[in-house]
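Now for the letters of each chain:
Number of protein chains: 4
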Amino acid sequence: MAGSSIGTIFRITTWGESHGKGIGVVIDGCPAGLPLTEEQIQPYLDRRKPGQSRFTTKRAESDTVEILSGTFDGRTTGTPISLLVRNADQHSKDYSNIADKYRPGHADFGFDSKYGFRDYRGGGRSSGRETIGRVAAGAVAASVLKELGITVQAYTRSIGPVSIETFDASVIPENKLYMPDTAAAEKASAWLEKCMKEQNSSGGMIECVIKGMPTGAGDPVFDKLDANLAKAMMSVGSVKGVEIGDGFAVVSSVGSDNNDAFRIAENGHIEKASNHAGGILGGISDGSDIVIRCAVKPTPSIAQPQQTVTCSGQPATIEIKGRHDPVIVPRAVVVIEAMAAITVLDSLLTGMGSRMESVKKIWLDQ
Amino acid sequence: MAGSSIGTIFRITTWGESHGKGIGVVIDGCPAGLPLTEEQIQPYLDRRKPGQSRFTTKRAESDTVEILSGTFDGRTTGTPISLLVRNADQHSKDYSNIADKYRPGHADFGFDSKYGFRDYRGGGRSSGRETIGRVAAGAVAASVLKELGITVQAYTRSIGPVSIETFDASVIPENKLYMPDTAAAEKASAWLEKCMKEQNSSGGMIECVIKGMPTGAGDPVFDKLDANLAKAMMSVGSVKGVEIGDGFAVVSSVGSDNNDAFRIAENGHIEKASNHAGGILGGISDGSDIVIRCAVKPTPSIAQPQQTVTCSGQPATIEIKGRHDPVIVPRAVVVIEAMAAITVLDSLLTGMGSRMESVKKIWLDQ
Amino acid sequence: MAGSSIGTIFRITTWGESHGKGIGVVIDGCPAGLPLTEEQIQPYLDRRKPGQSRFTTKRAESDTVEILSGTFDGRTTGTPISLLVRNADQHSKDYSNIADKYRPGHADFGFDSKYGFRDYRGGGRSSGRETIGRVAAGAVAASVLKELGITVQAYTRSIGPVSIETFDASVIPENKLYMPDTAAAEKASAWLEKCMKEQNSSGGMIECVIKGMPTGAGDPVFDKLDANLAKAMMSVGSVKGVEIGDGFAVVSSVGSDNNDAFRIAENGHIEKASNHAGGILGGISDGSDIVIRCAVKPTPSIAQPQQTVTCSGQPATIEIKGRHDPVIVPRAVVVIEAMAAITVLDSLLTGMGSRMESVKKIWLDQ
Amino acid sequence: MAGSSIGTIFRITTWGESHGKGIGVVIDGCPAGLPLTEEQIQPYLDRRKPGQSRFTTKRAESDTVEILSGTFDGRTTGTPISLLVRNADQHSKDYSNIADKYRPGHADFGFDSKYGFRDYRGGGRSSGRETIGRVAAGAVAASVLKELGITVQAYTRSIGPVSIETFDASVIPENKLYMPDTAAAEKASAWLEKCMKEQNSSGGMIECVIKGMPTGAGDPVFDKLDANLAKAMMSVGSVKGVEIGDGFAVVSSVGSDNNDAFRIAENGHIEKASNHAGGILGGISDGSDIVIRCAVKPTPSIAQPQQTVTCSGQPATIEIKGRHDPVIVPRAVVVIEAMAAITVLDSLLTGMGSRMESVKKIWLDQ
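Residue numbers (this note's numbering), protein chains in the order written: chain A, 1 to 366; chain B, 1 to 366; chain C, 1 to 366; chain D, 1 to 366.
There's no promise every hint is true.
You can't tell identical chains apart in this list, so a pair holds if it fits in one copy or across any two.
Claimed, not checked - Distance condition first, Cα-Cα at most 25 angstroms in a straight line; then the derived DMTMM-like pairs of lysine to aspartate or glutamate:
| # | residue 1 | residue 2 |
| --- | --- | --- |
| 1 | Lys187 | Asp257 |
| 2 | Lys361 | Glu266 |
| 3 | Lys93 | Asp73 |
| 4 | Lys321 | Glu198 |
| 5 | Lys360 | Glu266 |
| 6 | Lys360 | Glu147 |
| 7 | Lys93 | Glu66 |
| 8 | Lys361 | Glu147 |
| 9 | Lys21 | Asp46 |
| 10 | Lys21 | Asp89 |
| 11 | Lys21 | Glu61 |
| 12 | Lys187 | Glu66 |
| 13 | Lys187 | Glu266 |
| 14 | Lys146 | Glu207 |
| 15 | Lys361 | Glu207 |
| 16 | Lys211 | Glu165 |
| 17 | Lys21 | Glu66 |
| 18 | Lys187 | Glu319 |
| 19 | Lys194 | Glu38 |
| 20 | Lys360 | Glu271 |
| 21 | Lys21 | Glu38 |
| 22 | Lys197 | Asp46 |
| 23 | Lys21 | Glu39 |
| 24 | Lys176 | Glu186 |
| 25 | Lys360 | Glu207 |
| 26 | Lys21 | Asp73 |
What the hints contain is simulated information worked out from the structure, not anything from laboratory work.
Sequences are here, hints too, so could you generate the full structure?
This is the structure in structure tokens:
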């Protein structure tokens with residue numbers, strides 16, 4: 001089924017496999033008149049591309065984006081924006097190991113069950129490279145949000161047993177783990193060295209904060225803003241849990257602690273005195289920061305021998321050699337940020353007609 | 001925007017407010033030929049209706065469902081199934097308290113931000129009664145799944161600090177907290193008594209297990225089965241976190257522990273030797289049980305005085321009197337079960353044409 | 001599949017069968033703050049209800065609409081508006097004739113092919129009563145459009161060989177054929193008398209004009225405004241052709257005649273000097289009247305003996321007795337008007353964010 | 001808004017402008033296991049590319065398609081198929097004439113109204129080149145349909161005053177006007193010569209026939225197969241009317257002539273004795289040929305001087321020089337065929353779960 005699109009008015013459709021000719025995305029519904037060039041998109045792709053540190057695969061990819069359509073004179077025209085990244089490093093290589101066996105923790109078995117066969121080269125469509133289209137589209141969404149005074153920032157909150165203890169936004173881009181705490185980043189690096197030595201990998205947690213969000217975005221029932229964010233996040237490969245605001249901590253909380261009191265801010269607006277809700281009440285943005293956390297599983301590709309079966313149903317052992325990221329989290333940070341940007345932008349665009357007075361404001365002005 | 005529908009082929013649309021004339025759902029895309037009567041749906045509604053125990057509101061509602069369309073001679077016809085539950089207990093009552101003030105932890109402020117005003121009677125559209133349509137549709141989905149050998153069961157995993165320690169499915173319906181552990185249910189009851197005495201409320205956790213799921217359902221990118229489940233769960237009011245399989249525990253896990261080995265089952269099928277993944281790999285069902293957990297926040301309506309503001313922006317204090325459930329979890333159990341059933345059924349129906357051979361099987365048979 | 005909904009932001013879902021408990025519609029995405037009562041909707045239903053003239057069936061139905069949700073204090077709240085019309089005249093009656101045989105020109109055979117069986121009572125879901133939900137939703141859409149200065153009016157353009165020769169809007173509601181030409185209406189009545197005497201029925205044509213439409217609504221590719229109108233019109237049972245503006249006359253036209261010159265109107269706006277395009281250029285409204293015409297086939301239920309087969313595949317003869325409308329057109333006029341209103345309103349709501357400046361106008365104003 | 005996609009399960013998304021870097025389409029939801037190479041797609045593109053005859057523009061484009069994703073070992077994998085055609089002939093050229101003025105009959109004015117500005121080079125997104133993505137996707141759809149024994153063929157039925165009088169499928173590809181009647185093609189050529197001499201252009205009609213269609217495809221209400229076909233057809237630029245079966249001729253028809261009797265075919269199946277309905281009854285395919293006709297307006301680009309206005313609202317005259325097709329019909333034939341193939345394939349894929357027995361056939365087989 002057509003499951004490669006997300007969004008209602010701002011709608012993206014991604015395509016591409018790890019070892020096909022390229023990866024891309026079509027962004028439909030971007031408002032016209034937004035200044036947009038490849039220079040705004042490339043930095044987002046650079047944050048996820050391989051080879052940034054010793055904890056990422058060495059695959060040689062520049063991941064250079066090309067805008068194929070949808071802009072004119074440096075601005076979006078309102079028509080579909082097609083973005084293309086050609087795959088460079090798709091050397092023919094011996095895939096017989098993974099062609100014949102199901103890698104534990106990977107999508108291989110699911111693909112064969114669903115489709116009858118699969119492109120096994122580098123994981124095919126279920127490769128991490130699938131996220132290139134998401135990130136490129138996220139860069140465009142972030143550009144729109146910026147014009148509305150909204151910023152989206154994701155960072156690594158923990159890697160294995162190491163969690164951040166301080167928050168300094170300025171250091172996030174300075175350590176290759178994208179942690180806002182230099183000391184924690186150093187401890188996490190040591191932990192990852194240990195994992196690598198043991199031919200193992202580590203899980204971690206990403207946090208994403210959206211600031212400057214206006215009130216009134218999101219819908220009250222199935223398209224709650226948090227529901228759409230949860231889908232967007234869980235759709236990123238390796239994410240196994242999503243929480244908003246206090247998240248799972250609410251389980252052992254009581255109402256008097258979990259409720260956020262309302263008060264009048266200095267600018268006269270209504271605001272919440274605390275933010276246990278994480279910026280969303282009843283599915284609708286409440287003006288506080290939107291706070292999302294995602295649990296990311298350890299890289300399933302590990303060099304240790306693992307029990308598995310062949311595609312034809314014979315017991316087998318598999319050892320996944322080659323250089324693999326010992327942790328998914330750092331390169332997924334920008335993917336989470338992208339999905340958050342895409343989702344909140346769509347909520348803003350779909351919600352423009354929620355009141356008769358807004359509809360009149362747009363259509364009676366002519 | 002049109003946010004009151006969910007699903008692609010099996011698509012439900014709910015409507016209704018707490019103190020309007022009724023609550024209902026239209027189920028579109030249910031396969032024809034399913035035996036269906038009100039007797040199959042009513043038990044689901046009875047599980048969520050008020051007045052089942054001293055921990056639930058006393059509002060007098062029979063929540064009797066009427067099938068208005070879509071069946072003939074006791075079977076579904078393939079056309080939309082419209083289900084109606086009339087509201088009975090919609091007494092005129094003094095709502096000035098909540099009409100003028102924003103209740104902390106409730107959707108009131110969001111609704112006013114989005115729509116300019118709101119139906120404040122009993123929470124209007126953001127009332128817990130909104131879930132009646134979901135539960136009724138879930139009962140229909142569960143009937144279809146049953147014919148495919150698939151069962152969905154949700155239960156209370158924890159209430160406040162009390163978690164289950166044993167699992168006995170037979171006791172779930174026997175305690176009004178829907179816990180599979182009688183001893184834990186007793187402890188949880190004591191905890192809730194304490195909360196009520198302190199004019200407070202408690203959070204909790206619901207777990208849902210889907211058994212008998214075939215392999216190959218779900219999509220690899222945005223419509224991953226876990227992504228759609230996450231949306232469905234987070235769209236339930238008060239759910240603040242969702243996890244699949246090991247969920248947030250993957251954060252501190254390593255690959256060798258988190259990966260599930262494949263092996264050959266006694267029946268010759270391929271199966272996983274463990275289930276850290278929670279039954280979904282790469283967004284596609286892998287044949288193991290699908291395991292979902294949801295964090296549910298404490299009931300925001302508490303009798304303690306809380307700081308808030310009036311709709312016109314004046315500081316105020318609010319005390320929410322009347323009998324309110326001190327915990328949302330028990331009545332939400334069947335809602336979670338319903339949303340899970342709806343979501344997996346839709347994944348099965350949308351995925352029928354994933355292979356040319358399946359398409360031929362249906363259309364060349366005539 | 002879920003084919004009972006139409007629209008993206010203003011989205012309606014209809015349900016109900018001819019001889020089930022009732023017929024209804026859920027309208028999702030209606031802007032909040034619109035004054036709405038049953039009194040605005042009922043006149044639309046009255047225009048399509050049976051028994052208005054000797055050319056319509058005598059089935060005794062008041063078709064009284066009840067608003068079940070979505071309004072508060074007489075205004076829409078932005079939440080789903082559920083509208084219900086109970087079926088009154090659903091007498092048990094002998095349907096063995098049509099239960100066992102496929103009526104020529106009817107949907108019976110298609111339903112059995114698709115679903116394996118059908119509710120044959122009065123045509124079930126494919127009855128003309130299915131349009132009640134459309135008309136009720138159209139009344140709501142028309143109320144929104146009215147606030148934007150947009151009017152939608154449909155009327156009968158021809159019945160059998162009789163076409164209108166003059167246009168007087170004031171006489172449309174005065175003759176039961178909804179023709180804007182009293183003389184033509186009289187000729188058409190005589191033609192219908194003849195058809196009835198011959199146990200036959202007649203086709204006809206409906207024209208619909210939308211005035212006051214702003215420029216810039218509709219999309220340039222698949223969701224062209226004319227494409228969505230064509231779908232909406234063709235989805236009405238018995239419509240076999242749709243045309244916009246000059247329609248099929250363009251086939252033998254030349255460019256210099258078919259192109260509409262642009263000029264400056266008295267109010268300084270740009271306008272077209274003629275309207276061969278029917279108000280839509282490149283899929284986008286151009287500010288001229290939108291003009292749509294629909295070809296409606298003759299009522300398939302005729303009392304003459306017709307050759308057919310039984311459901312079990314035996315040759316048979318069928319005579320469809322009872323009082324049937326000898327022409328579908330007059331009662332379909334309001335259905336066409338409703339579908340047009342629903343479609344243009346959705347185009348206005350989905351198009352609100354086409355420019356960055358519009359997005360800022362709504363979201364930076366807070 | 002996101003209006004560049006069509007279809008529910010077989011869903012295509014097109015992108016690209018006349019003078020951008022290229023044109024493309026992403027096809028999502030194509031069943032896995034279909035043999036597919038560029039050689040199957042290219043012939044469809046060749047049928048619409050410029051320069052085939054003296055009646056088409058000389059723009060030098062090879063319109064060579066590249067499959068960027070979605071196939072492996074020569075077969076579809078079930079993942080998105082991305083198809084790219086690079087624009088070759090995008091010479092810088094003086095567009096000041098059309099940049100500043102609204103061309104009558106073109107989309108220019110609509111685009112500016114909607115988006116505030118437009119890519120005026122060669123019509124930008126509203127160029128005929130937009131159909132390249134449709135045609136490429138249609139070739140893929142046709143390949144799937146072929147495996148189900150379904151063929152789709154479109155041809156020119158009339159050009160200006162010249163209509164076909166005989167039908168010989170074999171001559172369709174042999175005359176550059178794609179007419180199934182060589183004599184008519186010659187007369188039409190003469191007519192077009194006359195138009196060109198007069199700096200004018202001609203309208204025409206395309207007919208499309210779908211053979212081998214199984215019964216039971218399509219939905220009974222809004223997603224009637226004819227409704228979706230009408231949208232697909234009317235979404236093709238220049239189409240101003242669509243009809244199914246007898247179409248507009250039903251207006252003056254009577255029921256006894258318009259109804260199609262049912263009978264038993266030689267193979268024992270139920271069939272219609274005639275086909276006034278054009279293969280669709282009640283929105284569902286009835287097993288007869290599906291017959292669609294589209295009215296195509298004259299090419300709006302003509303060299304004659306025309307009255308118009310400048311973008312800044314000044315009266316002006318425009319003469320559109322350069323070589324333009326004097327008729328749109330011949331090159332649109334394959335576009336209509338493509339849209340028909342895409343639409344009926346989607347109806348087949350979305351309808352696979354219409355009966356419980358079909359659902360069991362797919363999911364209980366494992």
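Outcome of the hint check:
Proximity of Lys187 and Asp257 under a CA criterion of 25 angstroms is satisfied inter-copy only: 21 angstroms between copies versus 33 angstroms inside one chain copy. In this homomeric assembly, Lys361 and Glu266 come within 25 angstroms of each other (Cα to Cα) only across copies, at 24 angstroms, whereas the closest approach inside a single copy is 29 angstroms. Taking identical chains as interchangeable, the C-alpha atoms of Lys93 and Asp73 lie at most 25 angstroms apart only when they sit on different chains, with a minimum of 15 angstroms there against 43 angstroms within one chain. In the homo-oligomer, the alpha carbons of Lys321 and Glu198 lie at most 25 angstroms apart inside one protomer (13 angstroms), although the nearest pairing across protomers, at 59 angstroms, exceeds that limit.
Taking identical chains as interchangeable, the C-alpha atoms of Lys360 and Glu266 lie at most 25 angstroms apart only when they sit on different chains, with a minimum of 24 angstroms there against 31 angstroms within one chain. For the identical chains of this complex, Lys360 and Glu147 are neighbours both inside a copy (23 angstroms) and across copies (8 angstroms), given an alpha-carbon limit of 25 angstroms. For the homomeric pair Lys93 and Glu66, the shortest alpha-carbon distance between copies (23 angstroms) is at most 25 angstroms, but the shortest distance inside one copy (27 angstroms) is not. Taking the shortest alpha-carbon separations for Lys361 and Glu147, both the intra-copy value of 20 angstroms and the inter-copy value of 12 angstroms come in at or below 25 angstroms.
In the homo-oligomer, the alpha carbons of Lys21 and Asp46 lie at most 25 angstroms apart both inside one protomer (19 angstroms) and across protomers (23 angstroms), since each shortest distance falls under that limit. For the homomeric pair Lys21 and Asp89, the shortest alpha-carbon distances inside one copy (10 angstroms) and between copies (24 angstroms) are both at most 25 angstroms. With identical chains, the CA atoms of Lys21 and Glu61 are at most 25 angstroms apart both within one copy (13 angstroms) and between copies (23 angstroms). In the homo-oligomer, the alpha carbons of Lys187 and Glu66 never lie at most 25 angstroms apart, since the shortest distance is 38 angstroms inside one protomer and 48 angstroms across protomers.
In this homomeric assembly, Lys187 and Glu266 never come within 25 angstroms of each other (Cα to Cα): the closest approach is 41 angstroms inside a single copy and 45 angstroms across copies. In this assembly of identical chains, Lys146 and Glu207 lie within 25 angstroms of each other by CA distance solely inside one copy; the values are 20 angstroms within and 39 angstroms between copies. Taking identical chains as interchangeable, the C-alpha atoms of Lys361 and Glu207 are never at most 25 angstroms apart, the minima being 37 angstroms within one chain and 31 angstroms between chains. In this assembly of identical chains, Lys211 and Glu165 lie within 25 angstroms of each other by CA distance solely inside one copy; the values are 21 angstroms within and 41 angstroms between copies.
When the C-alpha separation of Lys21 and Glu66 is checked against a cutoff of 25 angstroms, the pair qualifies both within a copy, at 14 angstroms, and between copies, at 10 angstroms. Taking the closest pair of Cα atoms, Lys187 and Glu319 never come within 25 angstroms of each other, the shortest separation being 28 angstroms inside a single copy and 48 angstroms across copies. For a Cα distance limit of 25 angstroms, the shortest separation of Lys194 from Glu38 qualifies neither inside one copy, at 39 angstroms, nor across copies, at 49 angstroms. Proximity of Lys360 to Glu271 under the C-alpha cut-off of 25 angstroms is restricted to the inter-copy arrangement: shortest distance 22 angstroms between copies versus 28 angstroms within a copy.
Proximity of Lys21 to Glu38 under the C-alpha cut-off of 25 angstroms is found in both arrangements, the shortest distances being 20 angstroms within a copy and 14 angstroms between copies. Taking identical chains as interchangeable, the C-alpha atoms of Lys197 and Asp46 are never at most 25 angstroms apart, the minima being 27 angstroms within one chain and 56 angstroms between chains. In the homo-oligomer, the alpha carbons of Lys21 and Glu39 lie at most 25 angstroms apart both inside one protomer (23 angstroms) and across protomers (17 angstroms), since each shortest distance falls under that limit. In this homomeric assembly, Lys176 and Glu186 come within 25 angstroms of each other (Cα to Cα) only inside a single copy, at 10 angstroms, whereas the closest approach across copies is 50 angstroms.
Proximity of Lys360 to Glu207 under the C-alpha cut-off of 25 angstroms is found in neither arrangement, the shortest distances being 39 angstroms within a copy and 28 angstroms between copies. Within a single copy, Lys21 and Asp73 get their C-alpha atoms only as close as 29 angstroms, which misses the 25 angstroms cut-off; across copies the closest is 14 angstroms, which meets it.
In this structure, the hints that do not hold are numbers 12, 13, 15, 18, 19, 22 and 25, in rising order.
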